[in-house]
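J.: Fit the two chains together into the complex; they arrive one by one in their own frames, and the hints show the way.
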Amino acid sequence: MLELAIGIILGGCALGAGCAMIAGIGPGIGEGNAVAAACEAIGRQPESRSAVTTTMLMGCAVAETTGLYALVIAILLIFVAPGRLVNILLEAVG
Amino acid sequence: MTILYLILSILPIVAGVIIKVMYVPVSDGISITGAHVFFTIDLPLGGLPVSEAQVNSWLVLISLFFFCKFLTHDLKTRNISVRQVIAEWLVKSVEGLVRSNMGEFFMGFGHYIAAIMGLSACSSLLTLVGLFPPTSDINIVGGWAIMTFILITYYKFKAGPWIYIRSFGEPVPFLAPLNIIGEVATPISMAFRHYGNVLSGSIISVLIAALLTNVSKLIFGALPGILGDFPFLRVGLPAVLSVYFDLFSGCLQAFIFAMLTMLYVSGGFPEDEYFKRKRLKEAKKNNNSQVIKNTNGGI
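Taken in order, these protein sequences are the chains called A and B.
Quick note on the numbering used here: the first sequence kicks off at 1 and runs consecutively.
Quick note on the numbering used here: the second sequence kicks off at 1001 and runs consecutively.
Next comes chain B alone, as it looks inside the complex (with noise of 0.2 angstroms):
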């Protein structure tokens, strides 16, 4: 069962490359374009593209709950094995972020978290296979960004809406505009914060490569045959740079889009009011059923 879930886990990986080798026409020369569509389905209000970054999104989805099928199928409470072990620290270091971010009231957010950060990380690190980032391609990031607004904005009415309205005209009623342009500029600048990070990383890529082809024609040109066809400076020079703008940068930008959730999540809910509130109707009905009591001992 281990070694099944393992083989699932990886699967959708394989078939992501084999989908790439099979539909995305081969691009002659280095060519920098975005994600390749496959087919369209034809909607009401106009057509709704199927293209590599979705696909590839889906894949990786698929790909990360096997995963966390195979490092939680069988806890035990003694003798645990290595795969229980890092299943706990995952879980232990998620809880810890969001404890130390958002405070004990959020500590559900904890799934919210640890999946947002799973699935950008894993989502920026598929070039290493060689396959589309879904993470450079604006509408996977942009959808993201706009799950994010929601849980905001949920949480700022949490206290009621004559507190969510209000809070736009601090700290004085004519800066309000603005207020309502930092409130909506919050999901693109997560959006465009992220997608730009990866998508700048491969066309630096792709633009060094070409460099690097060109550079090798003018030094090993003169041999004779394939030798001078063959770009021997593009061996191994490119992936020194891949290790920042694909591993450092991928991996950074998932924790920060997770930690800018965290914080705007908890900034912006108003605690104060939301627990007097809460006091307030706890009161409430302790009175009422205090008087329905009264009422039933006095009849």
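With the rest of the complex left out, here is chain A (with noise of 0.2 angstroms):
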């Protein structure tokens, strides 16, 4: 019975992090139409070049920000959280 409670908790916290890594989509459609408009404006200035990139690169970062809180939550699910639950649950049991 214990080793079914402790295969559940492993299975949960691998389901949780793999469904919260779906949050990488979005950063992904976001950058990319950020890196196309920035190659369509140097392709129109190129002289702009130097500041276009910089301007894309900052913009890059912080769109990343929202996979970067599922990676944080993916890393915590899978690194962190079976160690704490399963302790909770052999002090529950006893």
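Read the hints as simulated data drawn from the structure, not as lab findings.
Every residue, glycine too, gets a C-beta built ideally from N, C-alpha and C.
Any given hint could be a false lead.
To be verified - To give a feel for the contact side, a few chain A residues facing chain B, derived at Cβ under 7 angstroms:
#1 Met58
#2 Leu68
#3 Leu71
T.: Next comes the structure, spelled out in structure tokens:
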């Protein structure tokens, strides 16, 4: 019975981490749009290349934030949560 | 003296490697763990753990201090040396960055921006010598983000508390709760962005190293003796990815952290109100002094 409970905890954590990383879609699309627009801008005005690149990197980093939130959650679910939850379970069982 | 400063700036990094070899236990195989905790200081409100991340960031601080000393200790007006050219270029580029992003009023911020940029970049680059990068620990980056948050709030208060409170009611008053959440989210998102990027880079590097070990065991496992155990594929291949995850990502995150600090501080500062208030105050002062002069003259 205890093995089953621990198995459910581990499986739940892994599933949760996988679901959290679905958030990676958003930053991917957003950064793709940003880079496409930057390429267009450089194509139109090649002399403004450095300014456009700096601004694009800034924007990409900000757009990445939601993806990184998901990443932090996934890392916590994989490396931190299983140990804690199993400890709680063992304490409850006694 | 020049050589002494250079040696003193390299010594802390060497000390970090020695501390790691002496005190951090070797993990068998490839594993992903947080910073190793050296010891815990007992305090009234729970223990204060002194971890690898903190020690490494202190070492980077000492190293950077002596490196700055090395760059600037013997400045001349003519016949300048290569060191001085580098130092002048650094100062000029940081001042240009601050001037173009924050304006003339904030020129004093150059020191803070340069310090945080250098500290962040050098901390991330510590992975190149095999040390634990302090920026992949949320406590270190969180501290910097809180520092930035205090600066932002201070400059928002510059035009008086009433203007600060009123800024939450913009554009319409019932959005105030959202504005408050956005205010608190600023340091959290700054800390998570920097720490998540560096940490994900190091985790991906470890996973790739583990994958290459297994693949090379599959391919070369049939070889006799020590040749069969040696992970041939791990030689050189992970270094290609390290160029992106350690070099590029670390430097880019340092730049972005500094850039966001500048934008948030100068963006939150109520410029018009501040200068209006300043003018009013000066006018009042002038009036008062004139009144005093007049009364003196009358007597």
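J.: If a hint holds in the structure, say so; if it doesn't, say that too.
T.: These are the hints, each one checked on the structure:
1. Met58: 6 angstroms, holds
2. Leu68: 4 angstroms, holds
3. Leu71: 5 angstroms, holds
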